[in-house]
Amino acid sequence: MSEGIGVGVIEKGAPQGAHGNGPSLLLRGVRKAFADVQAVDGLDLEVARGECFGLLGPNGAGKTTTIEICEGLTAPDEGTVELLGLNWRTGSSQLRQRIGIQLQETQFPDKLTVEETLRMFRSFFRRGISVDESIRTAQLEEKRNSRVGGLSGGQKQRLAMACALVGDPEFLFLDEPTTGLDPQARRHLWGLVDGLKQAGRTIILTTHYMDEAQRLCDRVAIMDHGKVIALGTPQQLIGTVGGEDIVEFAVSAGDAGAPESGHGTVDAARLTAIADVHSHRVDAGLHQLSVSELHLAVPRIFAALKEQGLHLSEFRTHSATLEDVFVQLTGRNLRDE
Amino acid sequence: MSNLEFSSLYQLTMVRFRLFLREPEAIFWIFFFPILLAVGLGIAFRNRPADVLQVGAITTQLTQALAADKGLTASTMDEAEGTHELATGRILLLAIQHADGVAYKYDDTNPDARIARLLADRAIQAAAGRRDAVQAANQLVHETGSRYIDFVVPGLLGMNLMGSAMWGLGFAIVEARQKKLLKRLVASPMPKWQYLASFLLSRLAMLIIEIAAFLGFARVAFGVPFRGSLWQLGLLCLLTSLAFSALGLLVSSRAKTMEAASGLMNLVMLPMWILSGVFFSATRFPAVIQPIVRALPLTAAIDAMRGNMLQGTAIGQMMPQIGILIAWFIVPFAVSLRIFRWR
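First to last, the sequence lines map onto chains S and R. 565 is the number of the first residue of the first sequence in the working numbering; add one for each residue after it. 9 is the number of the first residue of the second sequence in the working numbering; add one for each residue after it.
Any given hint could turn out to be false.
Straight-line alpha carbon distances no greater than 30 Å define the calculated DSS-like cross-link-like pairs of lysine-lysine that follow [as the list claims (entries may be wrong)]:
| no. | chain 1 | residue 1 | chain 2 | residue 2 |
| --- | --- | --- | --- | --- |
| 1 | R | 188 | R | 200 |
| 2 | R | 264 | R | 187 |
| 3 | R | 191 | S | 675 |
| 4 | R | 113 | S | 675 |
| 5 | R | 113 | R | 188 |
| 6 | R | 191 | S | 791 |
| 7 | S | 675 | R | 264 |
| 8 | R | 264 | R | 191 |
| 9 | R | 188 | S | 791 |
| 10 | R | 78 | R | 113 |
| 11 | S | 675 | R | 187 |
| 12 | R | 200 | R | 264 |
| 13 | R | 188 | S | 675 |
| 14 | R | 200 | R | 187 |
Computed, partial: chain S to chain R, Cβ under 7 Å [to be verified]:
| no. | residue |
| --- | --- |
| 15 | 669 |
| 16 | 872 |
| 17 | 876 |
Label pairs and their computed distance ranges (CB to CB) [claimed, not checked]:
| no. | chain 1 | residue 1 | chain 2 | residue 2 | range |
| --- | --- | --- | --- | --- | --- |
| 18 | R | 335 | S | 690 | 32 to 42 Å |
| 19 | R | 339 | S | 599 | 26 to 36 Å |
| 20 | S | 800 | R | 351 | 46 to 56 Å |
| 21 | S | 812 | R | 25 | 51 to 61 Å |
| 22 | R | 266 | S | 599 | 21 to 31 Å |
| 23 | R | 13 | S | 759 | 44 to 54 Å |
Think of the hints as simulated: they come from the structure by calculation, not from any bench. Where is the CB? At the ideal position from N, CA and C, for every residue including glycine.
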């Protein structure tokens, strides 16, 4: 394990962490526009050595542009990028040797085998792990001599990961590593990333799956419209929702009201007046309350709704997630386009 | 072994080889198609014994005189019928008896008809008693090197070198760009020039097989002559392939889709298929456009190869063509290095 992981949150713009080597990645005031879209709008980020850092946000939030700026594939319009103490203008050839990259949608040649593909990538690096080891790490032993064209989505993604690892990188970039994979393949890939974290590699990954960020990342930056709107450990971010749990319910206004739901008929003030209820919002007829002390709050919520003469058509609770953080910050769901 | 294992240029070149060999269609187009084409053309244009020409005459006396010539078969018909036969191409010439001599009715733009005119006149004059002033004897020569197949083989070779270099490079690059593989490669420490060089290297190795297969076949099946030095011919093929590889690189340096790339390829290659003298001599085009025709890389390549194979011309005497090919290598290569889109 690396010492970087335990280090506390580095807030936006705060001086760099107390650990010895300074941040592995440092972004200051980075901006990038494409035509009329401001893809990245004034970004400051720090990633500590040995940390697994997540960029979380909906599609189009600027995650890929950000990570490609860090990878030296896109030049920012403004701002500075410092990676492993170097910058892309002067240290490009050294940096390429020291980082591993997995891009969002690379298709390796269908007619090469897994081993041939890895041998080609291995040859680009002066030092690195053996092809055998990369195949083992990515758990592709059985597919070693199979053509890439015959691999499943998950296997292709693991091959992309293996290609990123052959150079034994100090810094690993993973752009949406599990997008488009089935749940089993995703968990498989998560296991792989866990292994890499344990080996002490510094990782930055982008995702629009909040469960993925929560599961894998030491720290998460939530991005929206090219800006970081929240930054911290998943626990800290979830803490900002105000409660550890979320109560969701829908009502039908007894026999009298509209069949759909009781918009406006629910007196939100009476709900938020309950001691352990911190906030209330409505999304498409579904009311959401952030709640602490769930076991105490739920009976009171029931009581309050009953007093208003409302009939519950749905009721459920879940632990607060990063999704709820995003919803609270933007009023939109992560998966909304 | 282990040195090669870690040489990125070697690995990239091997990848190109593997990808090529695992593409059966490509192997057909590059190795077998030109051979099939040569076979087809060889059969269609094989040399036949000199044709016997059909002529007509309006009197039996004339017909007999004409039939005396081995190169003619004559039949008797009246003038109206003969004119009709002439118009439909069943006879090439009609001999008409007049009071004061003979008139020949024929189409002077048809070479066969002109020959028929010469033979007919000779036969009729001989029948009327003309004697040759000089004794003449024939020594017949059927020389290789002057047949159509000899002419067309260097043309097909040039066309094949153009096609394989341009398609081979262009499609592979555009496909890699479309699949974001190019982007992934530049995200690695791979030296960019090695990626492009791996195409040229694999091309050269393939070139040896390609040329050997095609020319070997032409030699064995048709006895096509090789009058110039073989290593100079090899050098010409190499230069041709480099020039077209550079052109293929240029065509594919920005295209983002296969459709755009194949459109551009055809735009570049089609004029050369027509203008550069693959199937017939490029000198048939009007003088006005000759400078353009001469400046095309395929014209230069085919001219030089015909010079080498058919006339045994040395490279030293083909400097204009060599210069054109070198220019077509350097300029497109330099331009495409500048404008190449890696992502």
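| said: residue 669 of chain S was flagged as interface toward chain R. Is the shortest Cβ-Cβ separation under 7 Å? | reply: holds, 5 Å
| Is residue 191 of chain R within 30 Å of residue 791 of chain S, Cα to Cα? | Given pair residue 191 of chain R, residue 791 of chain S holds - Cα atoms ~25 Å apart, limit 30 Å.
| request: Measure nothing beyond the straight line between the CA atoms of residue 264 of chain R and residue 187 of chain R; if it is 30 Å or shorter, mark the hint as holding. | output: Answer holds: residue 264 of chain R to residue 187 of chain R is near 10 Å, not above 30 Å.
| Between residue 200 of chain R and residue 264 of chain R, does the CA-CA distance stay at or below 30 Å? | Since the Cα atoms of residue 200 of chain R and residue 264 of chain R sit roughly 19 Å apart, the hinted pair holds (cutoff 30 Å).
| query | Is residue 200 of chain R within 30 Å of residue 187 of chain R, Cα to Cα? | reply | Cα-Cα ~18 Å, so holds.
| message | Hint check: residue 113 of chain R vs residue 188 of chain R, CA-CA at most 30 Å. Holds or violated? | response | violated, 71 Å
| Is the Cα-Cα distance between residue 264 of chain R and residue 191 of chain R 30 Å or less? | Answer holds: residue 264 of chain R to residue 191 of chain R is near 12 Å, not above 30 Å.
| query | Hey, does the residue 876 of chain S contact hint survive, CB to chain R under 7 Å? | reply | violated, 50 Å
| message | Given the hinted pair residue 188 of chain R and residue 791 of chain S, is their Cα-Cα distance within 30 Å? | response | At roughly 27 Å apart (the allowed maximum being 30 Å), residue 791 of chain S and residue 188 of chain R satisfy the hint.
| field | Outcome for the supplied range 46 to 56 Å, where the beta carbon pair is residue 800 of chain S and residue 351 of chain R | value | Between residue 800 of chain S and residue 351 of chain R, where Cβ atoms are some 37 Å apart, the hint is violated.
| Do the alpha carbons of residue 675 of chain S and residue 264 of chain R lie within 30 Å of each other, as the hint requires? | Holds - the C-alpha atoms of residue 264 of chain R and residue 675 of chain S are around 21 Å apart, at most 30 Å.
| said: Against the 30 Å threshold, does the CA-CA distance of residue 188 of chain R and residue 675 of chain S hold or violate the hint? | reply: Measuring from Cα to Cα gives roughly 16 Å; hence the hint holds.
Hint compliance for this structure: hints 4, 5, 16, 17, 20 and 23 are not met, and every other hint is.
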